[in-house]
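*Asks:* Here are the chains, one letter per residue:
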Amino acid sequence: MDPMNYIVLAAIVFTIGAVGVLVRRNAIIVFMCVELMLNACNLAFVAFARMHGGIEGQVIAFFVMVVAAAEVVVGLAIIMQIFRTRRSASIDDANLLKN
Amino acid sequence: MIPLSLSETTLPTVTTQAPDLDYWLLSPLLVVFAAGVIGVIVEAFVPAQRRYSIQTALAMVAVGVAFVLTLVQVGALPADSAGLTLAFATVVVDRPSLFFQGVILALALASLLLIAERRDGESAFTGQAAAVPGSEEERAHVLAGSQHTEVYPLVMFAVLGMQLFTAANDFLTMFIALEVMSLPLYLLCGLARRRRLFSQEAALKYFLLGAFSSAFFLFGIAMVYGYAGAVEFAAVRAAGSSGGLIDGGEPLLLIGIAMIGVGMLFKVGTVPFHNWKPDVYQGAPTPITALMASGTLVAAFGAMLRVFYVAFGTTVAQWRPMLWVVAILTMVVAAVIAVTQRDIKRLLAYSSVVHAGFILTAVVAANADGLTGAMFYLAAYGFTTVGAFAIVTLVRNPDNGAEAGDLTQWAGLGRTSPFLAASLGLFLLAFAGIPLTSGFIGKFAVFEAAVAAGATPLVVVGVLSSAVTAFFYVRIIVLMFFAEPAENAPRVLKPGILTGTTVGLGVAATLLLGILPGPVLEHVIPQPAAETSEAVAAEHTAADSLFAR
Amino acid sequence: MNIVPLQTTAAAIGGGETATFYILGSIVVLAALGVVFSRRAVYSALMMAVVMIGLAVFYGINEAPFLMVVQIVVYTGAVLMLFLFVLMLVGVSSSDSLVETIRGHRLLTAVIALCFLVPLVSGLSSIVAGEPVGLSAGVAAAGGSIPWLASEIIYRYVIAFEATGALLITAVLGALVLAHAVRTKKKRTQKQMSMDRIRSGHPTPLPGPGTYARHNAIDMPALLPDGSVSELSINPVLAARNPEDQHGVPEDMRYSIGAIPESGGRPDAQASNGDEQREDESSWTR
Amino acid sequence: MTSTLAAGGYAATTAADGGVLSYAWLMIALPLLGAAVLLLGGKRTNAWGHWLAIAAALSSFVWAVLSLGQLLGRAPEERSVTVHVYQWIKVGTFDIDLSLLIDPLSMTFALLITGVGSLIHIYSVGYMAHDENRRRFFAYLNLFVAAMLVLVLADNYAVLFLGWEGVGLASYLLIGFWQHKPAAAVAAKKAFLINRVGDIGLLVSIMLLFTTFGTVTFHPVFESVDGAGRGLMTAVGLLLLLGACGKSAQLPLQAWLLDAMEGPTPVSALIHAATMVTAGVYLIVRSGPIFEAAPTAQLVVTIVGAATLLAGAIIGCAKDDIKKALAGSTMSQIGYMTLAAGLGPIGYAAAIAHLVTHGFFKAGLFLGAGSVMHAMNDEVDMRRYGGLRTVMPVTFATFGVGYLAIIGVPFLSGWWTKEGIIQAAFDSGGLTGQILGWVTVLGAGLTAFYMSRIMFLTFFGTKRWAKDANPHESPAVMTVPMIILAIGSAALGAVLVVNYTLANFLAPVVGAPAHEFDLVHMLTSPYSLAALVLMIVGVAYAWVRYANDKVPVTAPKGNFITVAAREELYGNAINEGLFMRPGQQLTRATVAFDDHGVDGVVTGIARSVRAASENLRLTQTGFARSYALTMLFGAAVVVVTTLGVNLA
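Chains as they are written, first to last, in our numbering: chain A, 54 to 152; chain B, 24 to 572; chain C, 1347 to 1632; chain D, 11 to 658.
Any given hint might turn out to be false.
[What the hints assert, rightly or not] With a cut-off of at most 16 Å between alpha-carbon atoms, the simulated EDC-like pairs for lysine to aspartate or glutamate come out as follows:
| id | chain 1 | residue 1 | chain 2 | residue 2 |
| --- | --- | --- | --- | --- |
| 1 | D | Lys191 | D | Asp388 |
| 2 | A | Lys151 | B | Glu507 |
| 3 | B | Lys517 | B | Asp143 |
| 4 | A | Lys151 | B | Asp143 |
| 5 | D | Lys191 | D | Glu233 |
| 6 | D | Lys191 | B | Glu507 |
| 7 | D | Lys191 | D | Glu389 |
| 8 | D | Lys191 | D | Asp105 |
| 9 | A | Lys151 | D | Glu624 |
| 10 | C | Lys1532 | C | Asp1542 |
| 11 | D | Lys53 | D | Glu142 |
| 12 | D | Lys473 | D | Asp528 |
[Claimed, not checked] Covered by chain C, according to a simulated footprint, are these stretches of chain B (three or more residues, beta-carbon under 8 Å):
| id | stretch |
| --- | --- |
| 13 | 50–63 |
| 14 | 106–113 |
| 15 | 164–170 |
| 16 | 295–309 |
| 17 | 365–377 |
| 18 | 427–434 |
These aren't lab readings, by the way, just hints derived from the structure by calculation.
Only a predicted model underlies this, so the values are computations on that prediction, with no experimental measurement involved.
Idealized CB from N, CA, C, for every residue including glycine.
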């Protein structure tokens, strides 16, 4: 098996995540799908790190996890704030701003 | 201080020593970072009443000091050197990065003035973000005069991110900088005092779409890492000319370029990655909109120029077609949509999208003139747009004190508030690119660079698009000066010292950069040698050769 | 780049790994699809956990033991649980429904996603990378993968590392700003509350709205035995929000707390379904 | 075509060596200062503001005269002087100085602008006496003069463009000066937008020049024109022509000029007759070497000029609004100049000479029209005038002189310069020359007709005034400038043309005249005789039609030509069949083209952009998911483009 298969897998998971962002309405799930995309990137980094024999890919993956954690805190705080105001976590309900 | 060099070998260097950093060169970043951290400590230990004055003073002094330090560093850069890298070539200190940082700091200072503006004790920010809009609790907080002074440390971190974004010399640092810049802005967008539902919605949209775009950016980095085996720009550049580590690995590079492009284009807000801009600009507190429209745009283009000119400087042919498509789409679609906008903030947002398209033509040029043209354009546009948003903060609905965004309300403002209307008129003329304003010279410089690079069709589209944009800028001027005042005429606040300074700064910069750009910028904008990018690239394999003097 | 070709003791990709890849890869893809297409939000979160753990195994296979542990402990164990936490808090709502409300959105999504995926996958699968170099040489030179990783993170990428600090502070500050409500007045003790109740002249609970009325809607105040309206039963929250809501209340008895006296003008009292009346809640239903 | 110019004065540009010329920038600075004082000074300057503005314009004129004196003191080949003011733009290799070029061509314009400009300033004191915003009006006038001087004194295309936009802005402010009139605001916007279309041409051509030659300064560009490709030069030439068309109201960008008459009449006189609208002609003459390197572009210039000449004249025949009729005439006369400028070196001097005399008599005519309107309570419909010659003798006399000059009565200004253009057109040779020549001759006849129509409707015939009209002669502050302009209209032509005084003066820039001055030939050539005959026919026909009592007060159904045709029907059927009906159709078509054609295209484009905009803004649905979808779409586009272009 060629190690590029990992990358193809990453691309597929990435796309599934992107589709999830587009089709789900619950803001929390949408955000979870973004996390799915980040995870796909991490898989690619780790696989490339092994291919090239350097550890940089793993370093980046580690940083990505930290960033994701920070992003989750901020994101969930924003979603909670919206929810408390509107009693809804649906991103479709948030469409006062348009045209 | 480590001179430019190619990356070390991938042989592990395990060490327990503290890294040897040049703190002097890092000082502009460190000052802003320190101000943010101290701001957080102030939040924890200082009583609420005294926080406002301490935080504003701290933030402004820090940004001012960082600005001065940046200027000093420009002077201290060795004349013959392309620039320096530090912290193991993860951060670069060269003239373009210092220029962008200086502009960002100046714009941040102007935005800070707006952020700090308070009228009768109320700022542009909500007193208590956790309170539900319209609730008793909110009312209690309004009566108690609560305020979120946490805004200042958040702004500091955002500014830090912008600075680092333009100075990053590898994709990892750049990604972190992108997040450091974005996260505080997501939060700040949701803190408007009035129309809080709009504001919260803006925060949600900006956050979700921003996270979505950084996922693309990250995937692009992964592909480039796969191609080059490293993420330093120098290594990517070298790999671009040598063909990468994997045989037949070119798709990796191409996908990487495209996806990194998506992340970048989202941040600068070009079509079709622009949708967030009007909504977020409209919903966010106007001082924050000013910061985003000026500082973030400068930072994003600064980073974009570095990525495309340095990291992908050897693979220009690969990315040019994609930017052509995006630039044309942007200039056409955004200009057309802007024609029927009815809200001033949305209009300025679309105008910002169109301007991003114009600057993109300079990126497409991929030559030294493109770099300097884009730099000039960004500085000019930044100051003008900060001034324009400062004016937006002054025009309020008579009944509830929210900003009067509806353009029909602006009718006849030229008679009731001539100075305000004249300033806005000047800014609009600058956006339209009328000579003797900074906008003309900027536009001329970027278009000229694009023509020189053989992108004349792009320039024709750009000039046509600028004619369409002139239409709606003129429409506002006509509305303000030639129309009868509207029935629901807005209340125009008297600009306080802070807002007044910002407007004045915008007017001064717009005129000065239009009438006397030469003496002002000759010493500020790095003057590239008249060589073509290829020639330069051949001479230096170093990372930032294009940024060479 | 000069990657020194060390002695390539690196494991060639064997049959075991291939088999694992296909089995686990299928599971990951299916679980990912599950995240996207589960009706219940909680199922999505659990599917996400499956994906993450699957990926953690892949990290392990790809010589990243440290990341494998971090992925399971931090990402799955902490971050994903935070998601679940918030999901529970928000509760299940109509937003979980998978019925598409924007016309043509599904179809466009499918088409565009294919247009995105097909070039991506065909581009990537045209590449043959060959045997991976592997990390064993470097690990051996560094004396373990963790020292190597650590020195990269806090030595070479020290700036990024420090910037991450800014990121985490931002996150904390953000959560604080958006979620933490500062009290505007001192919290009343139980003793104070009971004393107030006795002093108020109404030690017993107030009559519920609609108690003696024909309706038991909340905007219908209670009637006293003589048929007059009990002022005490008028809901102050509704009154504060919008006196108009009290259809059943005679005009002159409607509470009107009035607009929030902001110096800038009227408050922005746009649609708000919240019932955040923590302080006052007890006082009117006592 | 050999470049006669490069060998002439261009190589010999010298820097100013002290004296008046070194301070040539004062010509611009003085009116600019005036405008600044008036605009920033606010109401405090109301009392004396207009006198300050006049002083600024006059001192600028004086400085121009002094500069001319010093210029004439130099040898003819040393009359190109560069005055460096400061370095304007330096961004990268993009380096432009704000420098002035003082040479015979620019000085001719400077004198015209400041001279006529000063007179119109003075006139405006009376005309705007009752306007509460008079101070602002004068500030804008000063601003305009400054911008126009920047345009003509620039020594490179970028500074020229600065002036170009500046006059556009000032014109915009002045057309919309009476903001309370919605028509004025609309006209101002229209003028601004159509001019922007022209500006695109100018801007793109400047960029092409810069990329090709690395500079936009006139002399270096012209010197290296020969080395550039003909295709490129044709493109540059056509783009420059587009710019010229916008500013000079030439087809197809003429639509704004008639609407611009909504502005105060002094504005129409100064900007839309004497100076700004001639900027296009200046641009073409100044860019002579470029056009000479591009014969195709030159041919297009002459065609545009000829078409506008006829179209403007026909529009002039059809309008009842006195100012709009004069505006049609302006279009037509500038068509003459454009045609001449397109002929190359043999036409340049003729174009400039006609431009100068036209500046005088058309400004005089407009001021006269303003005087009449002033007397008639701002009535502009000529059908409500009539018989004014006795009530307003001075206006009648000065208007009359301008009238005689423009229709080409021998030995008055217009005759000298128009003959020059007719001669140049026939001299250019070939079939093209013949066609162009006969167009100019035909134009002379049309000019005589529509100008006589204006003259007779206004000053002759019966009084058809509105009930409350109480016409009176204008005050001296208005009549004196009119008298001075009338003197110029009478005599200037002879001064400029006899012995080719102006042509010889301009020779270092535009090349020496092709042949000796020969008055006898001018008088006896068949073409000038033909023009003379056509002129007399035109006047006579107008006399029959309009100098009598039969003019209805309201325009009859359709337009007046319908009636004319109906009357002719009884008298002369052949005449009707052969001339009237086609003429009528042509007139209708031309007027319709002006009213709907180009206008229609402009409004049509505006409408479709608006419609597209309304549709496109619906993509901003407010749904974050839709935005994400667009982003994924963008990502797909970007990936496909990048992969497709590079791997396909």
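*Asks:* Compare the structure with each hint and give your call.
*Replies:* Going through the hints against the structure:
no., hint, verdict
1, D:Lys191 with D:Asp388, "13 Å, holds"
2, A:Lys151 with B:Glu507, "28 Å, violated"
3, B:Lys517 with B:Asp143, "13 Å, holds"
4, A:Lys151 with B:Asp143, "32 Å, violated"
5, D:Lys191 with D:Glu233, "50 Å, violated"
6, D:Lys191 with B:Glu507, "11 Å, holds"
7, D:Lys191 with D:Glu389, "15 Å, holds"
8, D:Lys191 with D:Asp105, "44 Å, violated"
9, A:Lys151 with D:Glu624, "13 Å, holds"
10, C:Lys1532 with C:Asp1542, "15 Å, holds"
11, D:Lys53 with D:Glu142, "10 Å, holds"
12, D:Lys473 with D:Asp528, "46 Å, violated"
13, 50–63, "holds (count 4)"
14, 106–113, "holds (count 3)"
15, 164–170, "holds (count 5)"
16, 295–309, "violated (count 0)"
17, 365–377, "violated (count 0)"
18, 427–434, "violated (count 0)"
Figure legend: structure checked against the earlier numbered hints; hints not met, in rising order: 2, 4, 5, 8, 12, 16, 17, 18.
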